[in-house]
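Using the numbering used here, the first residue of the sequence shown is number 1, and each one after it goes up by one.
By construction, these hints were calculated from the structure, which means they are not laboratory data.
Don't take every hint at face value.
Ranges of calculated distance between the beta carbons of each label pair, as one might list FRET restraints [unchecked claim]:
| id | residue 1 | residue 2 | range |
| --- | --- | --- | --- |
| 1 | R34 | G237 | 43 to 53 Å |
| 2 | G280 | E326 | 20 to 30 Å |
| 3 | D355 | I162 | 33 to 43 Å |
| 4 | E329 | T415 | 36 to 46 Å |
| 5 | R34 | E416 | 57 to 67 Å |
| 6 | G418 | G36 | 31 to 41 Å |
| 7 | G36 | P365 | 48 to 58 Å |
| 8 | S283 | L382 | 38 to 48 Å |
| 9 | E329 | G36 | 23 to 33 Å |
| 10 | L282 | E375 | 40 to 50 Å |
| 11 | E416 | D350 | 30 to 40 Å |
| 12 | L148 | G280 | 29 to 39 Å |
| 13 | G68 | D402 | 38 to 48 Å |
Pairs of lysine-lysine, DSS-like flavour, derived with a Cα cap of 25 Å [as the list claims (entries may be wrong)]:
| id | residue 1 | residue 2 |
| --- | --- | --- |
| 14 | K352 | K69 |
| 15 | K217 | K352 |
| 16 | K205 | K238 |
| 17 | K69 | K8 |
| 18 | K69 | K227 |
| 19 | K193 | K29 |
| 20 | K21 | K43 |
| 21 | K276 | K238 |
| 22 | K217 | K193 |
| 23 | K8 | K21 |
| 24 | K367 | K238 |
| 25 | K21 | K104 |
| 26 | K22 | K193 |
Predicted model, so just to flag it, every value in this text is computed and none were measured.
Idealized CB from N, CA, C, for every residue including glycine.
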Amino acid sequence: MIMMTYEKAVAYIDEIPMFTKKHSLEHTKEFMRRLGNPEQGQKIIHVAGTNGKGSVCAYMQAMMMAEGKRAGFFTSPHLVKINERIQLNGVQIDDDTFLKVFCKVKDVVDEMGGHGIAHPSYFEFLFGMAMLAFAELAPDYIIMETGLGGRLDATNAVQHPILTIITSISLDHTQYLGDTISDIAMEKAGIIKEGSFLIYDGSSKEASAVIKKQAEKLHVPCREISKDAVRIREITGKHIAFSRVNAYDDNVLWILSSSAVYQTMNASIAIAAMEKLHEGELSSNLYCLWEKAVSEVTWEGRMEEVLPNVFIDGAHNPGAIEAFCESMELLQTEEKEHEFPVIMFSAVADKKYDDMIAMLCERVPAKAYILTEIEDARRVPLSQLRDTFGKYTDCPVYAERDVCKAWNKAMSLKTENGKMYCLGSLYLVGMIKDKILTDNESSYGQGGR
1 MIMMTYEKAV AYIDEIPMFT KKHSLEHTKE FMRRLGNPEQ GQKIIHVAGT NGKGSVCAYM
61 QAMMMAEGKR AGFFTSPHLV KINERIQLNG VQIDDDTFLK VFCKVKDVVD EMGGHGIAHP
121 SYFEFLFGMA MLAFAELAPD YIIMETGLGG RLDATNAVQH PILTIITSIS LDHTQYLGDT
181 ISDIAMEKAG IIKEGSFLIY DGSSKEASAV IKKQAEKLHV PCREISKDAV RIREITGKHI
241 AFSRVNAYDD NVLWILSSSA VYQTMNASIA IAAMEKLHEG ELSSNLYCLW EKAVSEVTWE
301 GRMEEVLPNV FIDGAHNPGA IEAFCESMEL LQTEEKEHEF PVIMFSAVAD KKYDDMIAML
361 CERVPAKAYI LTEIEDARRV PLSQLRDTFG KYTDCPVYAE RDVCKAWNKA MSLKTENGKM
421 YCLGSLYLVG MIKDKILTDN ESSYGQGGR
């Protein structure tokens, strides 16, 4: 018998997409039943949306930890290491725990195969591992982020979440979720279930109408967080200060360690969720704990400063690029910056990259664009990226197929006080972080953490 190791377990999971496909929700429910339904009896907060899911979850996790609660967190995708997907109190599970739950899931999967039941998909397999891990780790709450969509997502096998959250909705994965905001909102709204409470981002009237209608249909009470509910008081390259309008804490100044404007909405949604969980027992002491916790959150790959004035952002669809542009416009107004930033960019072919590039070139003046290719079969070829940028900008455009060479080129163009932003793909973010983490001797790795 071959001894299973952590490395072999990861290799097995990485190969799953080669021999199986997306399954029905009934398949996931059968998979969970054979695992012993480890999700049952857990206090689960279920989060869906196009952008902002991970950030909302991170803020909630931090506030729970500040209260002394044990917070489990299932998230995707991972940026560097697959263990990132299963966390307890902000720490990814260790390799031994990962291997332990992998072996339990693998035994069940082998049994399923013997009964003619299809192998779980990549995401289903990891979802099963997460639920088994949490059953043993016994968190007070599990914050659970959907993968793609909501209605047919494997995480929707959870029948009784105590709270559901829907973040901002924009066009993404249109080949699977529909090509209108209403279609996509309907898929995301599929996580709404009777007996729960819903909190949602009300920035899009089109999406809000669909979400509200679905909540009413299922008799689910809800709270909408509109753009008008957030007032920005100050923004710098290092932080944002904001207040919540007409809220219990409308005199409180919340400070985020981020220059991304969109994080004010994500933080507000997370705060509203925590208020719901503490309904009837809110206090000034509780808000003090939350304020401090929120101010210390840094969510990897979301306007994250990895070196002085060097930021990586996971903006990888039109909605996220629009949010990035909004942040840049406000920053340039507030800080009166005179030097345009250097922007490093890559993309995958199914992400409406033409729209993303057009918006970026129109709204964010750049000193130069450095284009590269990610290590993924869906990558946009370098020549195609260069041609697309050529349609929308007269700025210098440099193309380097190798990410390391592209990074070095971008760093050579950045001045001491100038800024650099890397965006367009979560794969690019992951590759950059991997280099910074594993190559500390190089010039771009110094102080990267």
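Check your understanding: Holds or violated: 20 to 30 Å for the Cβ distance of G280 and E326?
Key -> 36 Å, violated
Exercise for review: Just tell me: holds or violated, for the beta carbon distance of R34 and G237 against 43 to 53 Å?
Suggested key: 51 Å, holds
Exercise for review: Could you check the hint for me, namely that D355 and I162 are 33 to 43 Å apart, CB to CB?
Suggested key: The hinted range 33 to 43 Å holds for D355 and I162, with Cβ atoms some 37 Å apart.
Practice item. For the pair we were handed, K21 and K43, check the Cα-Cα distance against 25 Å. Key: 29 Å, violated
Review point. Is the straight-line distance between the alpha-carbon of K69 and that of K227 25 Å or less?
Key: Since the Cα atoms of K69 and K227 sit roughly 30 Å apart, the hinted pair is violated (cutoff 25 Å).
Point to revise | T415 and E329 - C-beta distance against the hinted 36 to 46 Å | key: 21 Å, violated
**Study point:** Range hint compliance [Cβ, G68 to D402, 38 to 48 Å]
**Key:** Since G68 and D402 have Cβ atoms about 47 Å apart, the given range 38 to 48 Å holds.
Practice item. For the pair we were handed, K352 and K69, check the Cα-Cα distance against 25 Å. Key: Violated, because 41 Å separates the two Cα atoms, which is more than 25 Å.
Exercise for review: Would you check the hint for K217 and K193, treating anything up to 25 Å between C-alpha atoms as holding?
Suggested key: Holds, at roughly 10 Å.
Review point. Holds or violated: 23 to 33 Å for the Cβ distance of E329 and G36?
Key: 51 Å, violated
Review point. Between K217 and K352, does the CA-CA distance stay at or below 25 Å?
Key: 33 Å, violated
Check your understanding: In this structure, is the beta-carbon distance linking G418 and G36 contained in 31 to 41 Å?
Key -> 55 Å, violated
Of the numbered hints stated above, those contradicted by the structure are hints 2, 4, 6, 8, 9, 14, 15, 16, 17, 18, 20, 21, listed in ascending order.
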